[in-house]
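Enquirer: Residues per chain, in single letters:
There are 2 protein chains.
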Amino acid sequence: MMRQVVCARCVKCGREYEAVPTVTTCACGGILDIVYDYDYIRSVCSPAQLDESRELSMWRYRPFLPVEDASAPPPLRVGWSPLYRADRLAGELGLKTLWIKDDGQNPTASLKDRASAMAVVKAKEAGADTIACSSTGNAASSLAGNAAAAGFSTYIFVPSRAPKGKVAQLRIFGATVISVDGSYEDTFELSRAAIDRWGWYNRNAAINPFLSEGKKTVSLEIAQQLNWQVPDYVAVSVGDGCTIAGVWKGFCDLHAAGFISRLPRLIAVQAEGCCPLNRAIQTGEPWQPMEENTLADSIAVGVPRNPDKALSAIRQSNGVAVNVSDEEILAAMRLLGRTQGVFGEPAGVTGTAGVKKAVELGLIDKNASVVSLVTGNGLKDVASGIKAAGEPMLVKPYMDALLDAFAQNGICPG
Amino acid sequence: MMRQVVCARCVKCGREYEAVPTVTTCACGGILDIVYDYDYIRSVCSPAQLDESRELSMWRYRPFLPVEDASAPPPLRVGWSPLYRADRLAGELGLKTLWIKDDGQNPTASLKDRASAMAVVKAKEAGADTIACSSTGNAASSLAGNAAAAGFSTYIFVPSRAPKGKVAQLRIFGATVISVDGSYEDTFELSRAAIDRWGWYNRNAAINPFLSEGKKTVSLEIAQQLNWQVPDYVAVSVGDGCTIAGVWKGFCDLHAAGFISRLPRLIAVQAEGCCPLNRAIQTGEPWQPMEENTLADSIAVGVPRNPDKALSAIRQSNGVAVNVSDEEILAAMRLLGRTQGVFGEPAGVTGTAGVKKAVELGLIDKNASVVSLVTGNGLKDVASGIKAAGEPMLVKPYMDALLDAFAQNGICPG
Chain A
121 MMRQVVCARC VKCGREYEAV PTVTTCACGG ILDIVYDYDY IRSVCSPAQL DESRELSMWR
181 YRPFLPVEDA SAPPPLRVGW SPLYRADRLA GELGLKTLWI KDDGQNPTAS LKDRASAMAV
241 VKAKEAGADT IACSSTGNAA SSLAGNAAAA GFSTYIFVPS RAPKGKVAQL RIFGATVISV
301 DGSYEDTFEL SRAAIDRWGW YNRNAAINPF LSEGKKTVSL EIAQQLNWQV PDYVAVSVGD
361 GCTIAGVWKG FCDLHAAGFI SRLPRLIAVQ AEGCCPLNRA IQTGEPWQPM EENTLADSIA
421 VGVPRNPDKA LSAIRQSNGV AVNVSDEEIL AAMRLLGRTQ GVFGEPAGVT GTAGVKKAVE
481 LGLIDKNASV VSLVTGNGLK DVASGIKAAG EPMLVKPYMD ALLDAFAQNG ICPG
Chain B
121 MMRQVVCARC VKCGREYEAV PTVTTCACGG ILDIVYDYDY IRSVCSPAQL DESRELSMWR
181 YRPFLPVEDA SAPPPLRVGW SPLYRADRLA GELGLKTLWI KDDGQNPTAS LKDRASAMAV
241 VKAKEAGADT IACSSTGNAA SSLAGNAAAA GFSTYIFVPS RAPKGKVAQL RIFGATVISV
301 DGSYEDTFEL SRAAIDRWGW YNRNAAINPF LSEGKKTVSL EIAQQLNWQV PDYVAVSVGD
361 GCTIAGVWKG FCDLHAAGFI SRLPRLIAVQ AEGCCPLNRA IQTGEPWQPM EENTLADSIA
421 VGVPRNPDKA LSAIRQSNGV AVNVSDEEIL AAMRLLGRTQ GVFGEPAGVT GTAGVKKAVE
481 LGLIDKNASV VSLVTGNGLK DVASGIKAAG EPMLVKPYMD ALLDAFAQNG ICPG
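From first to last, the protein sequence lines are chains A and B.
According to our numbering, the first sequence holds residues 121 to 534 in order.
According to our numbering, the second sequence holds residues 121 to 534 in order.
A hint or two may mislead.
Note that the list lumps identical chains together, so a pair holds whenever it fits in one copy or between two copies.
[Stated by the list, open to error] Below, simulated DSSO-like cross-link-like pairs (lysine-lysine); rule was C-alpha separation at most 27 Å, straight line: (1) Lys284 - Lys507; (2) Lys507 - Lys477; (3) Lys132 - Lys516; (4) Lys516 - Lys284; (5) Lys486 - Lys132; (6) Lys132 - Lys216; (7) Lys486 - Lys216; (8) Lys216 - Lys516.
Simulated from the structure, these hints should not be mistaken for lab results.
One chain only, chain A, in its complex shape (with noise of 0.2 Å):
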């Protein structure tokens, strides 16, 4: 029973199917959106119930998720990632109001676990018992730990740039892992054919219309977490749109069930070397394949699989795109980490290196208040790390050795 759920509507032609849990994509080719019976929700769900809430998780909003009544949460604690306000950072980009929601802080470390814990769940409830996606990363490693420990086989292609420590993970977890010499475009469509063919569960957001539903939770949380006061602004990196497209489902769903009264606008990043999507936002034509140009391996797609979710998300939140360069996006590591404490991989603090460009460029007001959503952890991507803060000083274990180090490196300790 999901009494909560109407059906899976597609976003390109509006033909509706029965949202059970192997629905893939419509007839067409248009992906599909679950369709919510918010007067039900009503009925069932208040802020105030929720404030109430002792679960410690995204399965906190079960109401608003489109789950089978009979169906128990996944192991992993998944969400409820805290939201720092972030005044110090703040002032350093002449902004009035920053928050930083660090969803680096799930159980692989990033936001994708919200969107694997719905496939678990959905998986089971389909009676599958392997689950396999193409990802850059984040979604695979996602999987891999979430399917772990609910006793699921997966099957995880990922393109051979993908950093180490993502891989590190998928292997540790037990993956069945495929390193694909070629694109992410190369990694998706083996993914695709190779599911096809052996019939596993597919957690490919871009197909799987479940998984924007498990994102969207991300949303759910910032507004609770902000008593239900809605921000100005919500900045996200985007990559291939799925993420973007489940934070303004989830800010959609909680206004159409009355729980907030207004909608923010989003602030779409990408980055230079890779931005399908804003280039089509700024010049108001169909978006265009673009190369893979950018340090940022998780938003490194050039042919997005969500646009039509994602750019549709960005106009009716009469959105900002704003696209940063590598450079930027590293600035946007150091300061995160000096600022704040918080170490993000490059997607993950490409929101805010969006935020920095979108104030300096006037594109928002600096009385505005702002979200900044960080949506992976720096630890995934160690080299990168390094490569925006530098190596460390080596001394030799002596007082002298220190000293001169110190003066070598401009470094006054007293």
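Please arrange chain B on chain A, whose structure you already have, making use of the hints.
Expert: Same frame as chain A, but now just chain B:
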């Protein structure tokens, strides 16, 4: 005001000191222990009150912590990490009841955040603006992160062998990092000399008596998460000795306050190549320095800095000392990942490796209930993760290549 605190008492000679924020070690060289007024604690706190707490961090235990009433908690959300019931892992070990406490789910991804959060509060009480420490890596990165979030400068000394992930964290958090070309012992001595010279606030856990009070919160959480029922055993990896001392202090405090009715036995786990404390337990002789021959860098401590507290904790608890090989540590990384979706660093899983070995050796009863503490995240040391689990198969982006690779690797996806 700290009405809950009586004094700081030397564990060697019993001399008592006022528990001011800058108190360090006793004139006799002994390490101090914070002494509480348990009647007072009982008058302001109860298990039922703690069960009502909505503070999702270690600071829910303020009545048990040596901080001034007026001190605000520091910015990062430290503690209240998940305790997972690990039935599948228990089954593989032949153990009846096992829980995994995943302290890799802390802001900088290790248990050390608990001590560093405490250091930040005490440094502020002391009016300091700079904090320093030496560390094998995790205390360092946790201090750097927690201090950055609170606006402190940090000077941090690590041995040059520290894994890249930990060093990257330090640099990103803006710490002044001194990578010492020598052993942990060399590193500690250089940091001590520098702290003496420049008067920085000292976050060396074996000198500053407040830090194990931060660490003890992990035990308060375990007890509360088990509804104030105490497991038969708690397994902890041991390096410097500060963590196991903190773990024991937590249970002792709860017992003295009447919140729990018995104490657990500790399972102290060290690496075979560096086990000075366990050797002392096993032989009954005083501890002797050892070389630092293990890949578990966080516990590669040949000259433990807190032997007195650690040895007395193990002995008082009627504990079990177990040493494990590096191979057994790598196997435990795979085992925790595959069965529970938990990725720990080598020292982080050493406790679990010890549980496995203790069961095999018949040192603990298979019907016992065990909590195994995972002290740090595997993403901190990706090289060891790859060493444990191997590289993935590399495949050209064609179905034929995939079929070949499956055949070569003996994988039957059907």
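Enquirer: A separate judgement is required for each hint: does it hold in the structure or not?
Expert: Each hint tested on the structure:
| no. | hint | in the structure |
| --- | --- | --- |
| 1 | Lys284 - Lys507 | both (15 Å within a copy, 12 Å between copies) |
| 2 | Lys507 - Lys477 | within (21 Å within a copy, 41 Å between copies) |
| 3 | Lys132 - Lys516 | neither (65 Å within a copy, 33 Å between copies) |
| 4 | Lys516 - Lys284 | between (30 Å within a copy, 19 Å between copies) |
| 5 | Lys486 - Lys132 | neither (37 Å within a copy, 58 Å between copies) |
| 6 | Lys132 - Lys216 | neither (39 Å within a copy, 53 Å between copies) |
| 7 | Lys486 - Lys216 | within (6 Å within a copy, 58 Å between copies) |
| 8 | Lys216 - Lys516 | neither (45 Å within a copy, 50 Å between copies) |
Going down the numbered hints, you'll see the structure goes against 3, 5, 6 and 8, while the others check out.
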